[in-house]
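Build out the structure end to end from the sequences listed, making use of the hints.
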Amino acid sequence: MNHSSAYADYTTGEPLADAKAPDGPIADRWDTRRFQAKLVNPANRRKHTVIVVGTGLAGGSAGATLAEQGYHVVQFCYQDSPRRAHSIAAQGGINAAKNYRNDGDSVHRLFYDTVKGGDFRARESNVHRLAQISVEIIDQCVAQGVPFAREYGGLLDTRSFGGVQVSRTFYARGQTGQQLLLGAYQALSRQIAAGNVEMHPRTEMLDLVVVDGRARGIVARDLITGRIDTYFADAVVLASGGYGNVFYLSTNAMNSNATAVWRAHRRGAYFANPCFTQIHPTCIPRTGDHQSKLTLMSESLRNDGRIWVPRAKGDDRPPNKIPEDERDYYLERIYPSFGNLVPRDIASRAAKNVCDEGRGVGPGGQGVYLDFADAIRRMGRKAVEEKYGNLFEMYERITAENPYEVPMRIYPAVHYTMGGLWVDYDLQTTVPGLFAVGEANFSDHGANRLGASALMQGLADGYFVLPSTINDYLARHPHQDEVSAEHPAVQEVVAETEDRLNLLLSVDGDRTPDSFHRELGEVMWEFCGMARTETGLRKALERIPQIREEFWRRIKVPGAGEEFNQSLEKANRVVDYLELAELMCLDALHRAESCGGHFREESQTPDGEAARVDEEFSYAAAWEFTTTGGAPVLHKEDLVFEYVHPTQRSYA
Amino acid sequence: MKLTLRVWRQKNAAADGAMSTYEVDGISRDMSFLEMLDTLNEELIVKGEDPVAFDHDCREGICGACSLVINGDAHGPERTTTCQLHMRSFEDGDTIDIEPWRASAFPVVKDLVVDRSAFDRIIQSGGYISAPTGSAPEAHAAPVPKPDADSAFEHAECIGCGACVAACPNGSAMLFTSAKVNHLNVLPQGAPERETRVLDMVAQMDEEGFGGCTLTGECATACPKGIPLPSISAMNKEWLRATRKVGR
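Chains as they are written, first to last, in our numbering: chain A, 510 to 1161; chain B, 14 to 261.
If you are wondering where the hints come from, they were derived from the structure by calculation, not from laboratory data.
Just to be clear, a hint being listed does not mean it is correct.
Below, a list of computed lysine-lysine pairs in the DSS-like style, where the Cα atoms sit at most 25 Å apart [as the list claims (entries may be wrong)]: (1) A:K529 - A:K547; (2) B:K15 - B:K60; (3) A:K891 - B:K159; (4) B:K24 - A:K1065; (5) B:K60 - A:K1065; (6) B:K159 - B:K250.
Structure below.
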């Protein structure tokens, strides 16, 4: 194994085209594709096995729906129950172009807002499909009994989110993700009981099995016994979420990881736009080095909370002692028409800027105020409590400060990754038979995701898109030969997995998996976080291979492989972070423009906004793996805008 | 802060377990309880000892993975999940007992990790509304009165952590089961399966080996999401109604 060499550079390969996207008017494309796709006879579906990895919104909904259609589904999650996937922590809501408010919303406006919000780095066809499907998702979830917030007349309530001027976000107090996930989990449970889904909880995918160029199964570890098993299928669906935990501190769950997507990438699936990461503006600031994760405060708070810092540098008076005219409501000042509801990337950068100017508040000056005093005066405390009660309570529990009396302190944190495995319109990766849904793919959010759109995309992919497109693949590859565990390709991948785990156990060094993860995270946050420069990224690209080299020399994993061993689980995930981090930095270095969440300091407008360079970078960057530490190959997929003309985003 | 921890250690489901004592120092009041355990584990790993296994994931109080009995209380002294419990709830020099959920239907996997799959099987027996993807009517076709919607939400908040079972002297799962029955049965969408749902879920709950309910109310006191005790009587009423109607 070569653990030490740095990326010399990258090479550019053949351009990539999405062969599945239909032509014609954008509003008809999804119908066209569904009509062109081959179908599998209902009686034949039970003969096909589909593996689904992950049980979040995308995986849970995909597994349930494929099973309802008659396929035999074999599903995996690392958690002890499919109900615990991290989609459960999504707070604010889910977008849908229902136009129940009669406020000018439409499928086209949701499509437009999403393409613009993504800073013109997403595919028009995919985004339009997402907007179309959004309305069906709400119907589906209501039918399942998801308890969305309702008005006194019994109809559904909505609220506003960043980057839009309509009220199209459906919600269930601050627990929308939980309620949607439980809906999908219950649908999945029904199929498990019916014998259509074979569920493997506490089982983690460690590699992909590719036979004769097709995805045919996975290698997985039973986290209780430590046993390594192989599972085979006619197609594999990855719904394993994003890779925000590369940064160590993020709002992701502690065990969310990148192993499934990274191992698939190593087996031939291109990884697209890895540098597109979302830093969420409203998280609770860190309190010290012991911090294990960061907690989000929902974007919905920006509906009523006002963000400010003192006008003067180093003003350390308590917030209620700072008079109105000595406060800077900087978002309202710089962006008067969107105010506190600008998109996430813009709000995060603005917070960083005021803190860099020395006007940040709280410990270390790494925070800004999110103030509800005006909202409480306007609506009354009871109304504020009704809307945000559980968030206020969570804030108080973590900080021991009462946000009804003193303003919240917030600071940006890594939250979501727009990049992911490259997929075509059918959500198929560059490995035939391997599909990626939800946050695991790169398809819909461009360089910045709008609030309340992750739930929409996960459920669109799982309930509606994949179950329509996977038929086409299965119909064209009926009744493939059985793969056996004795196949040389299978034995090789199993041996590689076992070797990797054995090596981790045998190094017997003096540093814990977490210590390496933390060190990597600090490098990534400093050089590949909210603002990136060529110099910084080159430093990171030098540093990461050094950390990797040290990792393989000094890692300490107690215990054995054939037992419940959380240190081994963690160490194995860090192995993959240490490789993925390098690709993220390289992608960020090569994209010498600013767009959405990717802010290169060299490329900004005179007033400090992200300056895109469309002539050079209007493409999705899909990376092909070569060797660990070796130069990857860049494949460009040109983005064509026929309906939304790329402009400098303006929220002023 | 300096603390003495007495932690349940058990190698696997088959092995016998026992309490082991550890000292931790340099604990900040701002740490969460699990970050305190992280600190202990980092030290144990470097010493080449087996770190303490415990379930945890979101660390925001919503996934329901964390599950510790702290000084005899499920999720510890505050009404919250263990991951949201902070060390400011303890004093310097305290001795803290840390044990897994104790219930015959939740066998120990290792140390503080237990097997809660019985909860999944209760949901599989009827904790859903049969609405295959694509079959849904327009969302506004059937308005739901706000009080019903609010009541459904209140019960749907259950995170499936199992604190109710751990707190109950009988190891009963009535609060967990009733939360789901009431969430779905109060909604018009849930009406067609109203009787079979409650009968099947209660039958599965009994089959899993959970104890009977004697209304001691410990469950609702321990519940980090505040599922109310009357949830249980509401389910009993549903169950009686269903037995009469279906004639099982």
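Exercise. Straight-line Cα separation of K891 of chain A and K159 of chain B no greater than 25 Å?
Worked result: 17 Å, holds
Problem set entry | Proposed proximity, K547 of chain A with K529 of chain A (alpha carbon, max 25 Å) | The hint holds at about 13 Å.
For this session: Starting from K159 of chain B, check that the Cα of K250 of chain B is at most 25 Å away, please.
Result: 22 Å, holds
Exercise. CA of K15 of chain B to CA of K60 of chain B, is that 25 Å or under?
Worked result: 19 Å, holds
For this session: Could you grab the alpha-carbon distance between K60 of chain B and K1065 of chain A and see if it respects the 25 Å cut-off?
Result: 10 Å, holds
Exercise. Straight-line Cα separation of K24 of chain B and K1065 of chain A no greater than 25 Å?
Worked result: OK: K24 of chain B and K1065 of chain A at ~20 Å, within 25 Å.
The structure shown violates none of the earlier numbered hints.
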